[in-house]
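2 protein chains.
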Amino acid sequence: MKPQRLILFAAALLAAPVLSSAQSAALKPLNVPAKTLPVPYADISPQMQKIIAAPLNPNWNDQWQTGAQARAFANTQAAGIVKTIPGMLARLHVTVQPTIIGGVKAYIVTPDSIPPENQGKLLIHVHGGCYVLFPGEAGVTEAIMMAGFGHYKVISVDYRMPPEAYFPTALDDAVTVYRQELKTTPAKDIAFFGTSAGGALTLEMVLRARQEGLPMPGAIAPGTPMSDVTLTGDSFYTNEKVDNVLVSRNGFCQAATVIYAHGHNLADPLLSPVYGDMHGFPPAILTTGTRDLLLSNTVRVDRKMLRSGDIAELEVFEGESHAQYQFDDTVPETREAFTEIGTFFGKYLGQ
Amino acid sequence: MKPQRLILFAAALLAAPVLSSAQSAALKPLNVPAKTLPVPYADISPQMQKIIAAPLNPNWNDQWQTGAQARAFANTQAAGIVKTIPGMLARLHVTVQPTIIGGVKAYIVTPDSIPPENQGKLLIHVHGGCYVLFPGEAGVTEAIMMAGFGHYKVISVDYRMPPEAYFPTALDDAVTVYRQELKTTPAKDIAFFGTSAGGALTLEMVLRARQEGLPMPGAIAPGTPMSDVTLTGDSFYTNEKVDNVLVSRNGFCQAATVIYAHGHNLADPLLSPVYGDMHGFPPAILTTGTRDLLLSNTVRVDRKMLRSGDIAELEVFEGESHAQYQFDDTVPETREAFTEIGTFFGKYLGQ
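Protein sequence lines, in the order shown, are assigned to chains X and V. Sequential numbering of the first sequence, starting at 1, is according to my numbering. Sequential numbering of the second sequence, starting at 352, is according to my numbering.
Excised from the complex, chain X in its bound form (with noise of 0.2 Å):
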């Protein structure tokens, strides 16, 4: 390496920042006063401001206690979500056929068509909910988008949850599944996604591999993560009440994530990713939105992965409050979200 070359490469170690852990007490909090935010518009789909204008979410206050209470819950709501399933999948020409793969529930995701250059990649899917909610088939509506959008075959795992089991059993059921498809299919051919704490699971799952001595997926598209169960990051502030999905950092998400914890310490990386070594992660495509609760748990993510020297790739949509990019597949932003995430899988796969 010749002298100048050498300098410019510990230049560029250099620009790691001297990051700090802790909070200095001298600096001041900052007062906001109360404000009323319009719907916003600008290049944003009508179908989208409809999502973006609907009131907080009624249930954001839900503060379970066990997992019973959460999963009397996600039954109830997963059986409006199964209904809708039947017309998604005609809408985006997709199938789903139930299966056990190493002894862990799974649906197979396949759309009607896949083009040869994605015949043989793999995508496996964690879906979202808290770690508690979209048990079943109610799990699989972000795999149909996937695959429907993406042109490729998924797996989506449904992965144990409260009150069957708690930390780590989703990990592992999850982690289960990418042992056994690594049988027939290269490691550099399979990505991993999800969204919200299959966001988390994704990070997760890359994290576990590298313990076990599994090899890399080719790719990850860990949307809006729950990649910070401690509740640090700015946006558990500036998002609050803005957000209305989540609405809040001491919602129904955080009472979901307490059960699922089960008294095991939340800032684990395999509960709190964000706090994981991640140099050598695969490249990332992660996605949020301007109002998400998780804005910073995304940032934060794809800052890490940068200063690790990994490549990750941040899509941020306007106005959108968290995981709102995978609500519904007639909206045009859901389309161009996993249009996006397909088109990075196709860059990075097989490489």
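If you are wondering where the hints come from, they were derived from the structure by calculation, not from laboratory data. Small disclaimer: the values here were computed from a predicted structure and weren't measured. Ideal placement from N, C-alpha and C gives every residue a C-beta, glycine not left out. Check each hint, because a few of them may be wrong.
Beta-carbon label-pair distances, calculated as ranges [stated by the list, open to error]:
{"no.": "1", "chain 1": "X", "residue 1": "P29", "chain 2": "V", "residue 2": "L565", "range": "47 to 57 Å"}
{"no.": "2", "chain 1": "V", "residue 1": "K434", "chain 2": "X", "residue 2": "P29", "range": "56 to 66 Å"}
{"no.": "3", "chain 1": "V", "residue 1": "N410", "chain 2": "X", "residue 2": "T330", "range": "44 to 54 Å"}
{"no.": "4", "chain 1": "V", "residue 1": "A618", "chain 2": "X", "residue 2": "K347", "range": "34 to 44 Å"}
{"no.": "5", "chain 1": "V", "residue 1": "P380", "chain 2": "X", "residue 2": "E212", "range": "43 to 53 Å"}
{"no.": "6", "chain 1": "V", "residue 1": "T387", "chain 2": "X", "residue 2": "E164", "range": "49 to 59 Å"}
{"no.": "7", "chain 1": "V", "residue 1": "T450", "chain 2": "X", "residue 2": "A187", "range": "46 to 56 Å"}
{"no.": "8", "chain 1": "V", "residue 1": "K379", "chain 2": "X", "residue 2": "T84", "range": "18 to 28 Å"}
{"no.": "9", "chain 1": "X", "residue 1": "T36", "chain 2": "V", "residue 2": "T417", "range": "31 to 41 Å"}
{"no.": "10", "chain 1": "V", "residue 1": "N616", "chain 2": "X", "residue 2": "F73", "range": "50 to 60 Å"}
{"no.": "11", "chain 1": "X", "residue 1": "T36", "chain 2": "V", "residue 2": "L565", "range": "53 to 63 Å"}
{"no.": "12", "chain 1": "V", "residue 1": "P437", "chain 2": "X", "residue 2": "G280", "range": "35 to 45 Å"}
Result set (BS3-like, lysine-lysine): computed pairs, CA atoms no more than 30 Å apart in a straight line [as the list claims (entries may be wrong)]:
{"no.": "13", "chain 1": "V", "residue 1": "K379", "chain 2": "X", "residue 2": "K50"}
{"no.": "14", "chain 1": "V", "residue 1": "K386", "chain 2": "X", "residue 2": "K241"}
{"no.": "15", "chain 1": "X", "residue 1": "K35", "chain 2": "V", "residue 2": "K401"}
{"no.": "16", "chain 1": "V", "residue 1": "K592", "chain 2": "X", "residue 2": "K28"}
{"no.": "17", "chain 1": "X", "residue 1": "K347", "chain 2": "V", "residue 2": "K592"}
{"no.": "18", "chain 1": "X", "residue 1": "K50", "chain 2": "V", "residue 2": "K386"}
{"no.": "19", "chain 1": "X", "residue 1": "K28", "chain 2": "V", "residue 2": "K386"}
{"no.": "20", "chain 1": "V", "residue 1": "K401", "chain 2": "X", "residue 2": "K241"}
{"no.": "21", "chain 1": "X", "residue 1": "K241", "chain 2": "V", "residue 2": "K592"}
{"no.": "22", "chain 1": "V", "residue 1": "K698", "chain 2": "X", "residue 2": "K188"}
{"no.": "23", "chain 1": "X", "residue 1": "K35", "chain 2": "V", "residue 2": "K379"}
{"no.": "24", "chain 1": "X", "residue 1": "K28", "chain 2": "V", "residue 2": "K434"}
{"no.": "25", "chain 1": "X", "residue 1": "K35", "chain 2": "V", "residue 2": "K386"}
{"no.": "26", "chain 1": "X", "residue 1": "K28", "chain 2": "V", "residue 2": "K401"}
{"no.": "27", "chain 1": "X", "residue 1": "K347", "chain 2": "V", "residue 2": "K539"}
{"no.": "28", "chain 1": "V", "residue 1": "K379", "chain 2": "X", "residue 2": "K241"}
{"no.": "29", "chain 1": "X", "residue 1": "K35", "chain 2": "V", "residue 2": "K592"}
{"no.": "30", "chain 1": "X", "residue 1": "K83", "chain 2": "V", "residue 2": "K379"}
Assemble chain V onto chain X, guided by the hints.
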């Protein structure tokens, strides 16, 4: 083209959402209660935490009516900034030489060492300041950071401002410099960059270059661009009094922009470039922060470029307000931001 490829190609075209340019009166605004924001600290350097914790800009509500009023403030501010430049030049190993290019005042900003791969490359810098601030040498600080951290030769345009000249003179001057430099440097080896009004001018230069039949530059870095001075965009509301630099969409920066526009329509793409045609734009790297009043201005340009089939990368810094990534060259995140821009230019210039 095979039928399958044709179908996918058509699907990709359909991925561009049907967008709205009007707000539905039926959609209800959201009332957000008053809140207190702690200073964010996770993954943020202690130096940047202090910048984030600063009280609201005391001049945020200056309502200048004339170019002379704005210039009086700008001159006082500039006198303070100019005193900091010798220290910055010494720290970053950069020299600054005033020059005249095609009749336009400018500064040649040169790092002490330029690596072989950056030789022959040229960055044209347009400073920020709401089209009225940072006259003369006070406008050169960001160019020094870019030269020092990115190791490129930079020309910083000291474009005319009110009260000497009004829209579109700033843009005229910047494009004149580009036209002159094209006589000795191929367009593919030239990048444009700048922050705030400089981010807008970066985009406006591309629009104007195309109008005039000039070739596209090789890359651009519009930092938190004032891309929509009609005050459209969600973060003008969500980050009101959260951003401690601009503070409000109706503050000093809007007053200054109205002075510069001098009666011209603020929705003209040469003042609000988000409304310009961005098909065929050069690869862009955009930088903003989660508290930035212009977060939406930045996100909308990123998304519009992606929807136009361009290459665009978005960098979002945790907790930062408008343009804070270029406030202080001794802050680790400043080095990080300009190192990333330099790496991006290294990837796309010369192609």
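Q: Run the structure past the numbered hints and jot down the numbers of the failing ones, going up.
A: 2, 6, 11, 17
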